[in-house]
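A.B. asks: Chain by chain, the residues:
2 protein chains.
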Amino acid sequence: MKVFVNGYGFLGKLLARELMDHRVSGVKLVGVARSSGYVHRDEGLSPDDLKGDLSDSEVFTKGSALSLIREGAFDVLVELTPTNLPSAEPGLSNIRAALSNGIDVVTANKAPIALRYRELTDLASSAGKLLLFDSTVGGGIPLITLRRLCMRGDDLLSIRGILNGTTNYILSRMQFEGLTFELALREAQNLGIAERDPSLDVNGYDTALKLLILANSLMGLDRGLEDVRVAGITRVTQEAVAAARESNMSVKLIGSVDGEGKLLVAPRLVKANDPLCVHGTLNAVTFRFRIARDLTLIGHGAGEPTVSSLLNDLHQVVEFRLRGATSA
Amino acid sequence: MKVFVNGYGFLGKLLARELMDHRVSGVKLVGVARSSGYVHRDEGLSPDDLKGDLSDSEVFTKGSALSLIREGAFDVLVELTPTNLPSAEPGLSNIRAALSNGIDVVTANKAPIALRYRELTDLASSAGKLLLFDSTVGGGIPLITLRRLCMRGDDLLSIRGILNGTTNYILSRMQFEGLTFELALREAQNLGIAERDPSLDVNGYDTALKLLILANSLMGLDRGLEDVRVAGITRVTQEAVAAARESNMSVKLIGSVDGEGKLLVAPRLVKANDPLCVHGTLNAVTFRFRIARDLTLIGHGAGEPTVSSLLNDLHQVVEFRLRGATSA
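Here the protein sequences line up with chains A and B, keeping their order.
In this text, residue positions in the first sequence follow the numbering used here: the first is 1, and each later residue adds one.
In this text, residue positions in the second sequence follow the numbering used here: the first is 329, and each later residue adds one.
Computed footprint of chain B on chain A; a stretch qualifies when at least three of its residues, placed anywhere within it, have a C-beta under 8 Å from a C-beta of chain B:
(1) 151-158
(2) 304-310
Here are some chain A residues the structure puts well away from chain B; computed CB gaps all over 10 Å:
(3) S35
(4) G37
(5) E58
(6) V59
(7) G63
(8) L66
(9) E71
(10) E119
(11) A127
(12) E177
(13) G178
(14) G192
(15) V230
(16) G261
If you anchor each label on the Cβ, the simulated ranges turn out as follows:
(17) A:F320 x B:D450: 22 to 32 Å
(18) A:R118 x B:K379: 41 to 51 Å
(19) A:G128 x B:H350: 28 to 38 Å
(20) B:R345 x A:G44: 51 to 61 Å
(21) B:E588 x A:N84: 41 to 51 Å
(22) B:E574 x A:S87: 48 to 58 Å
(23) A:H22 x B:Q517: 46 to 56 Å
(24) A:T234 x B:T565: 44 to 54 Å
(25) B:Q517 x A:P82: 53 to 63 Å
(26) A:G102 x B:G337: 49 to 59 Å
(27) A:E187 x B:E574: 26 to 36 Å
(28) B:H350 x A:F320: 25 to 35 Å
Keep in mind the hints are simulated off the structure, nothing from the lab.
Bear in mind the structure is a predicted one, so any value in this text is a computation, not a measurement.
Ideal placement from N, C-alpha and C gives every residue a C-beta, glycine not left out.
Start from the sequences and build out the full structure, keeping to the hints where you can.
C.D. replies: In structure tokens, the structure reads:
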């Protein structure tokens, strides 16, 4: 199975290394792209192709990899370009082109899945291709796959979660170190936890995108960003956090979908003994099921752990294609 | 797919009700057995067959269902007889007979899986049958399926968990209400949380059995009960619990498998902000993965939520058989 990784930042580099180490049986890494150009070898990349910024490779080609996608030059596209709002580009065009040209897609790019869920899943379904995106939400926590493959006899009634590690870190520092929002944010930026422009995180829109993905893919809804009531954490005061702590609670930025399908992102009080009440950069999600009742997953929502979700999605594609071959 | 439920206690009754409501597409409930006898209709049971203790049904037959299993009279055995040590009977004989006679097995009975893991999985594998047991550990938390289907690109390095809700309830009451072990145990018994003979729970052997299942099925080990160092909670004093609380910690009965494959069950100190530190009857397990790092699952370890795991295992059997039919 020929795999092409589009996006060669932190995640792309780690994933390429795993694939070059032959961690996924049956998978051959045939190409990697960054914004300025790409490397591609149908017989599989050599380690030398991946040195530095790719441009030293003898097969480096300037420009976008979209033409390769349109040619159907490989079997699976791993789409790792950055999340852009409101265009969802270039991920959206890449995913559309891949599915339309016989290519399965695995992606960690939130925007296309959050903003074009029905269009893209309809396209995948009519093309008989897979579109997998467990790495878009909760990093290394397999939220999508868990609900789809591990809880099939149950009904999912509601979702509540801490889906953004940056804001959780800031709120935790405000709670345990008495920092103001501004100081905690600056600290997070200095540590590389928050980006230089932290607005998507602190205004709640990163959480809203992830919540949309969970709601649309796991609860059968068809919601857009305009359907989510969003409040961020920029107005959370040190006094409010301290008062919560006095009452054995924490202020957390919670994304929730209730039984009526209402989507909400807002700072909420969470009891200290609620399994959802985790600190630092951790993410946590509580699914409420009809039979299993509350099931909470806690893990790392960003960084290297996300590669684990990408690899599992690739395993699913391998299995899906093998099964197709068997039954054909 | 013809399903037979062997064991008609709390879980068996709830599962039978779900199956009669046609919750699992493609599944027909053809029989149910209790210790004194069974009801069986090849065309599917009627609601009247399941009234009371089964003996009012016109198809009630006295005696064991083992003869039906040996005839291969159905497709899937759901084995729900009680856990007995050290014999693992009657579950062990039922599972052996089923797998040897072309019947897939789903079970919530810990003893056969914990004590005869290699024998039974070898038997299933050579017979080309499924043996699924996610409901034996962590009730409604899909621990086995999560590791197998959601984390396939990752390596599991170690496991640490609260696997017994009864002891967690007792320790939580000692911590938060200042009760002694004896008083907390009596309260748990009055509430139906602890059994009249609570020894398997409080001496740690229930946790040890579950730990063996996780270690052998998820970490490729081949360990027996004699390989587990087991200490229970009967000697945990109110003073020790109170001292832990003073230091922002809790005493928890932890089952663990480390990187060297050592299995240990013992009361351990857990920090209050560790995701594993859950209270009441909740169960919690932290898997440490090479890439995803720590992933914690928290949920209900006993009672009705366990039915959710049984249903998901049944869905897996349906899918497996459909796939077999397609590729044949």
